[in-house]
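Chains as they are written, first to last, in the numbering used here: chain A, 1 to 129; chain B, 130 to 258; chain C, 259 to 387; chain D, 388 to 516.
Simulated from the structure, these hints should not be mistaken for lab results.
Note that the coordinates shown come from a computational prediction; the quantities given were computed from them, not determined experimentally.
Errors might be hidden in some of the hints.
Claimed, not checked - Taking lysine-lysine pairs in the BS3-like style, the calculated list, with each CA pair at most 30 Å apart, reads:
| # | chain 1 | residue 1 | chain 2 | residue 2 |
| --- | --- | --- | --- | --- |
| 1 | A | LYS97 | B | LYS237 |
| 2 | C | LYS355 | D | LYS513 |
| 3 | D | LYS394 | C | LYS275 |
| 4 | D | LYS495 | D | LYS392 |
| 5 | B | LYS255 | B | LYS226 |
| 6 | B | LYS180 | D | LYS484 |
| 7 | A | LYS7 | B | LYS241 |
| 8 | A | LYS7 | B | LYS255 |
Number of protein chains: 4
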Amino acid sequence: MTTKKEKIANGYFQCNKRERAAFELGIKLGALFHQFIGAPVSEENADILAKAMEKTTERQAYVKSAQVRINLERSKVKKEKGIFEYTTLTEDMIEAKVLVEFDGVRAKGVLKYIEELNYPLMYIDKLDY
Amino acid sequence: MTTKKEKIANGYFQCNKRERAAFELGIKLGALFHQFIGAPVSEENADILAKAMEKTTERQAYVKSAQVRINLERSKVKKEKGIFEYTTLTEDMIEAKVLVEFDGVRAKGVLKYIEELNYPLMYIDKLDY
Amino acid sequence: MTTKKEKIANGYFQCNKRERAAFELGIKLGALFHQFIGAPVSEENADILAKAMEKTTERQAYVKSAQVRINLERSKVKKEKGIFEYTTLTEDMIEAKVLVEFDGVRAKGVLKYIEELNYPLMYIDKLDY
Amino acid sequence: MTTKKEKIANGYFQCNKRERAAFELGIKLGALFHQFIGAPVSEENADILAKAMEKTTERQAYVKSAQVRINLERSKVKKEKGIFEYTTLTEDMIEAKVLVEFDGVRAKGVLKYIEELNYPLMYIDKLDY
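So that you can see chain A by itself, here it is in the shape it has in the complex (with noise of 0.2 Å):
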């Protein structure tokens, strides 16, 4: 069911489903990395984080689900135990997956950092299908 909200929404829209939901997908991606990097993590609390990051996710319009995973492999941070052992979430230990549907089509969104890039690349890995 469309509400009417939606209907006012889709009003301002210059492009055909596919691409709205191309749209919507990257607007999650983009929202999901710049709202969190930087936020303290470790490995005491990178799970809950990941969970945060999954469920403010799929809060957003249009999200059907969300999965985040923080590579603390990655990280900087050594093992050894101390006041100054944690580090800020960067761009390269976020990996997360977001399926977004709009009007039945379905967009499946990748974060992941590639090493032969060395960038955190947003990609669209399915849509439509």
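Assemble chains B, C and D onto chain A, guided by the hints.
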């Protein structure tokens, strides 16, 4: 000219050029919003903050240009002077236009607070024009 | 036990223990506020987001404990269901208590929206108790 | 001149003037760090981003001045041109000095990456001088 790195990146995508442009546009709007929301803002620094928002957006992949306006009229902050007379950047204060171009396809997006939705809508204003 | 790294860090400070505890407390409250403001929030994810805010705060240097409550009553979001029925975390929704301890000196701080100030005040509630 | 709102705010604090200045300084450094970490940065926009960081900091309560430098030398980004040749602002790239004054007490703080700590240290450089 497509660089070697861009070709590698393109290999990850399962979509056409228009969908890619829409996706890249979504990323930039989501990033813009979530990176800067919460920044302390007042009449004295709104212009420089808006400029930084434009320039950080323009530095990202496939962005041709970005325009940002911070609408302080919406702010709860009163005109009185004083130590607490500033606010934090909220979703209803940002008006942004971003233009991306991927492989010849241009996509223009807008972020704007829509009164009747009570929501900061991000939408595709023009695609492949 | 003060580690070698802590001793090195302490060498940079020009202040007494109480002032140091106050400073560390300020850092944590400023960080908490600006890291998470803007996160998408609703009744469905407020608890997990608050938990992540607590756990990322507790992971930082000298923090003993943190308690965070997200007050959705303040939110503009209506109870109606729908795709746009969530909001972003704003300054007036966060209620946080953070306890730090530096070299035996405890400092307890609060972040709370004070109606008569129209301002999210961060203050030292107790010091060296 | 202390305004009525400031007096109300001061009533919440259980500490002396020096401790208050130290606390306010901590807030500003924590805020600066966590608000802007993750912003896209390159040689082309580092200056304007640093300027916005200064101006948003200066707008906050009790801040007299702020200086921010973004050290791109630390960045992983290569000098080659290309679509992916920018990075996100990380903890090791920020060098900031902030001066606050509360009721005649000045506190100067620094945020700086300390190599031997492998940590972005925030410290009180001078207090009540």
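Okay, the hints, checked on the actual structure:
1. A:LYS97 x B:LYS237: 26 Å, holds
2. C:LYS355 x D:LYS513: 28 Å, holds
3. D:LYS394 x C:LYS275: 26 Å, holds
4. D:LYS495 x D:LYS392: Status holds; Cα separation ~25 Å.
5. B:LYS255 x B:LYS226: 11 Å, holds
6. B:LYS180 x D:LYS484: 22 Å, holds
7. A:LYS7 x B:LYS241: 17 Å, holds
8. A:LYS7 x B:LYS255: Status holds; Cα separation ~18 Å.
Against the hints set out earlier in the document, no violation occurs for any number.
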